[in-house]
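Participant: These protein sequence lines are chains A and B, in that order. Here the first sequence is numbered in the numbering used here, starting from 10 and rising by one per residue. Here the second sequence is numbered in the numbering used here, starting from 15 and rising by one per residue.
No lab work stands behind these hints, which were simulated from the structure alone. A virtual CB, placed ideally from N, CA and C, is assigned to each residue, including glycine. Treat each hint with caution, since some may be false.
[Claimed, not checked] Looking from chain A toward chain B, a few residues come up when the C-beta cut is under 8 Å (computed):
1. 54
2. 56
3. 58
4. 59
5. 190
6. 193
[What the hints assert, rightly or not] Computed Cβ-Cβ distance ranges for the label pairs, DEER-style:
7. 128(A) x 201(B): 51 to 57 Å
8. 267(B) x 259(A): 30 to 36 Å
9. 219(B) x 30(A): 57 to 63 Å
[As the list claims (entries may be wrong)] Distance condition first, Cα-Cα at most 25 Å in a straight line; then the derived SDA-like pairs of lysine to any residue:
10. 165(B) x 169(A)
11. 165(B) x 35(A)
12. 105(B) x 192(A)
13. 165(B) x 192(A)
14. 165(B) x 200(B)
15. 105(B) x 182(A)
16. 141(B) x 260(A)
17. 165(B) x 128(A)
18. 165(B) x 262(A)
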Amino acid sequence: MSARTARDRSWLRRPLVSTASVAGGVVLWWIVASIVRDPVVLPSPIDVLGALVKYMSGPYPSQGVTLWQHAAASLTRIAVGFGLGSIIGIAIGSLMAGSKAIRHIIDPFIELSRPLPPLAFIPILIVWFGIGEVPKVLLILIGVVPVRIIATVTGLDNVEPELIHASRSLGGSERYTMMHVRVRAALPSIVTGMRLAVGMSWTSIVAAEMIAAQSGLGYVILQAGNYLDTSLIFAAILVIGVLGLLMDGILRLVLRFLDPAGAARRV
Amino acid sequence: MTESIIGAGNPGASDGSVITRPARIAVQNVTKSYGSRRKPTLVLDTVNLEIAQGEFLCLLGPSGCGKSTLLNIIGGFLTPDSGSVTIDGRKVERPGPDRCMIFQQPALFGWLTALDNVMFGPRAQHKVDASTRDRAMSMLDTVGLAGTANKYPHQLSGGMRQRLSIARALINEPQVLLMDEPFGALDAITRGQMQEFLLNLWAEHHMTVVFVTHDVEEATLLADRVAVMAANPGRIVHLDSVDVPRPRSYDLIDSPEYSRVRMQIRRTIENGGHS
Ligand SMILES: Nc1ncnc2c1ncn2[C@@H]1O[C@H](COP(=O)(O)OP(=O)(O)OP(=O)(O)O)[C@@H](O)[C@H]1O
Ligand SMILES: [Mg+2]
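The following block holds chain A by itself, in its conformation from the complex (with noise of 0.2 Å):
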């Protein structure tokens, strides 16, 4: 009961707070833009606005290409490594957790790429690949892979084996228990996993179309810095942070309706 009632204020202040709080920030950023008065150095919000309409229909810089387009390719990149690299880290999570052999072979690889920033496979990848779309998908990939692996392996791994026996004993044979409990139960976790993997692959994305590529957002970014045209840094960086914030609005839905339970202790 009392659990309920905290929930339903909290539901009613969460909302309010936080538009507060973003509003808050965009006016001291407001006003500290009209402090500095440069905006090479710190363009003011409605400057950032006026770049990111003018370039959503116009094109920049000299390719025809739009914002939007350059987001597009970005987001493609993203959905392909992202998508690759969730098959991937979940199949090989799913092994792992299955057969203790394979999982000892596979550790210490995961331990061992744990800590390196995917940023620095840049150079190799453009030696062995070139500037194409393959070296890009890799690095993601390279990002995505471990997490998806660990967050898979952990999930499976954590099932109660109380859940288990009690499938096992209502008479669900070991294939639909595999699939309808431990796999089932691990799902919110799998899914958490992917949230830490969008994150990481905006990361990985931004970073090689920086240093190799005529497309992407990334690409519109050291453009733009080029050309001191820090508005359009802005609004690019913008664009990227509302693709995140959506994608990963999507999962915590599918998270929601996923794990019920869960759903309720998170507000």
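Here the structure of chain A is known, so what remains is to put chain B with the ligands in place on it, guided by the hints.
Facilitator: Using the frame of chain A, we list chain B with the ligands on its own:
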């Protein structure tokens, strides 16, 4: 060592009852060790036990004496090192819906509604037909959860969850119910209600029940017979029948027969298994 073999193999001295009904569950010379092959720890030492059809047997003993291990062997979740368990003459080799296990924690499927939790058994066995839903609903009704069919487990109280897990087991119409301290996590009032509930259920369906507890009062209230185990190595040291007519309730808890059985059990436990 000789003590334990005598204790396990021949608990008859203090066994007041003569079983006339046919044995449904027969535990024969079951031995189980944990740990490495070089340094095994004996957890169950030649346990013998016969449980009659429709009998309510309580397995009582201190923590760590092997009650759960024995129950898991009967349930088919563990295989004994030697000896065997048979149910109606058939050897137990794997878990099955004919003998359902109820755990201390209800182990409900959190992503399924109460109704879908109850429907899990029929679905898992691919035995869903037009009547399954109605049966599941009436099963929820039986355990007093008719109004919560569409709630998720986390929206239920502890006692409701445990009742749901019982409903989920009962839809399979198990002939044997294995319960591992099912009410241990509940508060005293709820536990009392659950005990009454279980007794009513059992009076109606008369399944064979093996009920693990370390609460002497709970054991004497529920059981036809109480099997007392001792630890290191785990073995059955005392078997006693509780000759109190049914229906029973907590009001009778101070009656002479209850007191006699409880005294006897306590003495056995205090003497470290030498009754
Ligand atoms: N998987 C395991 N590996 C090694 N030892 C185990 C394992 N499971 C249980 N044991 C040991 O076996 C003994 C009996 O355990 P068991 O769980 O059967 O006891 P219990 O009587 O159910 O105790 P409790 O009342 O605390 O639930 C304990 O000493 C325990 O340490
Ligand atoms: Mg136990």
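Participant: Quick one: which hint numbers does this structure break? Sort them smallest to largest.
Facilitator: 1, 2, 3, 4, 8, 11, 12, 16, 17
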